[in-house]
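Undergrad: Chain by chain, the residues:
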Amino acid sequence: MSKILLTIDGREVEAKEGMTVLEAARSVGITIPTLCDYEKLEPYGACRICTVEAEVKGWTKLVVSCLYPVEQNLIVRTRSEKVDRIRKMILQLLLSHAPYARDLQGLAKEYGADKDRFEKESSFCIHCGLCVRYCAEVKKKDAIGFINRGAKREISFVPEMITSKVCWNCKECFPLCPTEALQAAYGLAEALLSDSPAFESESEE
Amino acid sequence: MAQIKSPDELKKVREELLLRRDSGNPCISICAGAGCLASGAGEVIAAFKEEIEKQGLTADVDTKGTGCPGFCEKGPIMVIYPEEICYVQVKAEDVPEIISQTIKEKKIIDRLLYVEPSTGEKATQESDIPFYKNQERILICNNIKIDSKSIDDYLAIDGYAALAKALFQMTPEQVLAEVKKSNLRGRGGGGFPAGRKWEGTRNAPDPIKYVIVNADEGDPGAFMDRALLEGNPHSILEGLIIGAYTIGAQEGYIYVRQEYPLAVENINLAIKQAEEYGFLGKNILGSGFDFTVKVHQGAGAFVCGESSALMTALEGKAGEPRPKYIRSNIKGLWERPTVLNNVETWANVPLIINKGADWFIQMGTEGSKGTKVFSLVGKITNTGLVEVPMGITLRDIIYKIGGGIPGGKKFKAVQTGGPSGGCLPENMLDLEVGFDELTKAGSMMGSGGMIIMDEDTCMVDVARYFLEFLADESCGKCVPCREGVKQMLKILTNITEGKGRVGDIELLEELAETAINASLCALGQSAPNPFLSTLHYFRDEYESHIKEKRCSALYCKELIAYHIDPDKCQACMICFKKCPSEAIIGGKNMIHIVDQEKCTKCNTCLEVCPARFDAVKKISGEPVPPPIPEEERTIVRGGKE
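Heads up: the sequence lines are chains C and Y, in that order.
Using the numbering used here, read the first sequence as starting at 111 and increasing by one per residue.
Using the numbering used here, read the second sequence as starting at 248 and increasing by one per residue.
Worth double-checking, as some hints may not be accurate.
Residues on chain Y that point at chain C, a partial pick, calculated with CB under 7 Å [said to hold, decoys possible]:
#1 Pro570
#2 Gly723
#3 Asn764
Some chain C residues well away from chain Y (every beta-carbon gap over 10 Å; in silico) [claimed, not checked]:
#4 Glu124
#5 Glu247
#6 Val248
#7 Pro269
SDA-like mimics (lysine to any residue), calculated; alpha carbons at most 25 Å apart, straight line [said to hold, decoys possible]:
#8 Y:Lys737 <-> C:Glu229
#9 C:Lys126 <-> Y:Arg569
#10 Y:Lys737 <-> C:Asp224
#11 C:Lys167 <-> C:Asp194
#12 Y:Lys687 <-> Y:Gly438
#13 C:Lys198 <-> Y:Val749
#14 Y:Lys571 <-> C:Pro179
If you're looking for bench data, these hints aren't it; they were derived computationally from the structure.
Note that the Cβ used here is the ideal one computed from N, Cα and C, for glycine as well.
All chains should be built: construct the whole structure from the sequences, respecting the hints.
TA: Right under this line is the structure:
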């Protein structure tokens, strides 16, 4: 693998081909905030909080660092007025769903995000997809997925996976959830299923 | 039909075909595109077949259902060849007369001709009609000439000659050079040069490459690609095969939305025919080049028109976009180099190969060459499909071709580029139409939707409408689009409902900045455009909605009221009787009053009030005048003289 030299926040960083900007930054201890990133999962690029400025041949663009591949002579700025403004707005949008999520609160303080900027939404989910992707990529079970699209998009457990106890015996996705949404979704699915004969017969075993 | 195995054989087949067809029979071409079918073209075609059989003319008259020639406003449309007599708004009951008069007696039926409203002049041929006369139709001109289900008809107009030329007289490098020279830019919206895209894929080391037709046309009011797919599917197929030969692909896909059943039917049939004739499959025309095409039907998501979402959907996954830091022409479908072009882009390719890039670049502006097909809709006299040279002004499209604004109303804005585009006002009408020109003006070319708006259109509501569409069509994966566009929609809805607050415009601008800069795909990145362009050109409307609670177009229901002018009301009782919510207080000789509590603002009273009284008024941003005192309400009329 060939070595790539790039600059992050004024520091010269040596990276390997195929690495992302986020990985390169972390390798030298530079922190970029993330919400949908997890070491065991493929980069997803959904929360956009890791947006940074990337300068290539004099052209500056905003990219998400979790997906943008390192390249020779790339100049990265992990903070700028514009980057901070965008992160603040993303946080405010997410805080309308999960005003008390600890990860969000910490970042909100750093970026001056107001949790009351937008009207509160009933769902706690910030759609980071950690649960869905962990179940698919690590556990290879696909017991939970996204349903619907756009603003109506939500996570939902596949009932058969609960009735057949796949989820009962796993629940490894629970600690990944940055909010209370996952447990709520699970509780809801379970409650709905408790009426079904299939569930009762399973639980009597 | 045996497979054609060489260019010489193709030439022979074409010659025989033309000889066979040179019967001198009149040919009746009736548009069988979706628009004309909806206005009764199916019945007209059936009536012709019946009448021709009844009169024993089956051997002497040919009929064909063709693709859409564009003048949907006047459908069903038909043309009689060889005289090229064009009849508009034809009904099944006109058919016996057309046969007896025009076909047998060679007499023109005056009442079926197009009449130009401004001059009263009648047009006998298509080319005499101003709607057509001011166009430059290199793509859709063939639609009315060919039976969209007949490959022989396509061969008769020199179809697949470009393919034979590319395969036998040109190397892939030469084809690429020609396409690059033509500066053909992507007609799907982005305007990326097709030649450069092809070159990247051709040079990519991976031996497996793909070509894709993006036929997931989803912009509200747009139907350019549908008309081409329905009307002349072989032209798209021919372009695709030439593209595949150029870049070295052996498999291609046509991603077409399932809401276009006729397009799906016609393109599937075209593929089958092309396989039978040897234009698709192994060893095409004996050249040694193999290529197959599959049709994939979209499941109805607008975002799948975005190239990376389309490819994800083709792979069998949920149609969500993926980041394109490595371009799809290098790493696309199944991570292989993939050329994806829009229907209209592919359809231009055979023309460029046949007539040469030098011919193509004669049309257009510095940066945009050739023609562009637009669907001209909204408040316009001539609704339909128009093909114009790049560089024509918006004014010429709207007034010379479109016939201007109907109903004596004033023009207000033209919206181009679909939901990602923008609205341009009157003082931008002399703008030359081109990719860069439209983008610079704050709108975009897009795939070719062109919506005309008159003075009754509220621009804040237009922005709200497009944001509503996009919020619904967002895939929901990334935050700036899913959450940001949703919040923008909420704020815009509030403004149109009179709940706008000072600071809303600034908040919308902040949300727009985040969506543009941080969204994952083009849907989110361009979603704020309808807001930004209307704010740029019509800021006063936003401000009056927010500060004065006034909608100057008198459109936003929550901001308007109906009022009857007591000086003008003649107590005719018409609005009193027609009001569906019993909101008119009145009676015989009693001046009518609108009960504001009951009024649902349905506009009926205003519509039915006789023009000579003109008593019902719509008002906005001002208090409704108090009802006149009871004692003054009685109208004392003089006795009959």
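Undergrad: It remains to establish, for every hint, whether it holds in the given structure.
TA: Status of the hints after comparison with the structure:
This hint holds: proline 570 (chain Y) has a C-beta 5 Å from the nearest C-beta of chain C, less than the 7 Å allowed. Among the interface hints, the one on glycine 723 (chain Y) holds; its C-beta lies about 3 Å from the nearest C-beta in chain C, closer than the 7 Å criterion. Satisfaction of the interface hint for asparagine 764 (chain Y) is found here, the shortest Cβ-Cβ separation to chain C being roughly 5 Å, below the 7 Å cut-off. The Cβ of glutamate 124 (chain C) lies farther than 10 Å from every Cβ of chain Y, with a closest approach of about 21 Å, so its non-interface assignment holds.
Annotated as non-interface, glutamate 247 (chain C) keeps its C-beta farther than 10 Å from every C-beta of chain Y; the closest such distance is 14 Å. No beta-carbon of chain Y is positioned within 10 Å of the beta-carbon of valine 248 (chain C); the least distance is around 18 Å. The beta carbon of proline 269 (chain C) sits about 19 Å from the closest Cβ of chain Y, which is more than 10 Å, so the claim that it is off the interface holds. With a C-alpha separation of about 10 Å, the suggested pair lysine 737 (chain Y) and glutamate 229 (chain C) falls inside the 25 Å cut-off, and the hint holds.
Straight-line distance between C-alpha atoms of lysine 126 (chain C) and arginine 569 (chain Y) comes to about 23 Å, which keeps the hinted pair within the 25 Å bound. Note on lysine 737 (chain Y) and aspartate 224 (chain C): the hinted pairing holds, with a Cα-Cα distance of about 18 Å set against a maximum of 25 Å. For the suggested pair lysine 167 (chain C) and aspartate 194 (chain C), the alpha carbons sit about 23 Å apart, so the restraint of at most 25 Å is met. Distance hint between lysine 687 (chain Y) and glycine 438 (chain Y) is fulfilled; the C-alpha atoms sit about 14 Å from each other, no more than 25 Å.
For a cut-off of 25 Å, the pair hint linking lysine 198 (chain C) to valine 749 (chain Y) stands: about 21 Å separates their Cα positions. Restraint check for lysine 571 (chain Y) and proline 179 (chain C): satisfied, since their Cα atoms lie roughly 11 Å apart, inside the 25 Å limit.
Against the hints set out earlier in the document, no violation occurs for any number.
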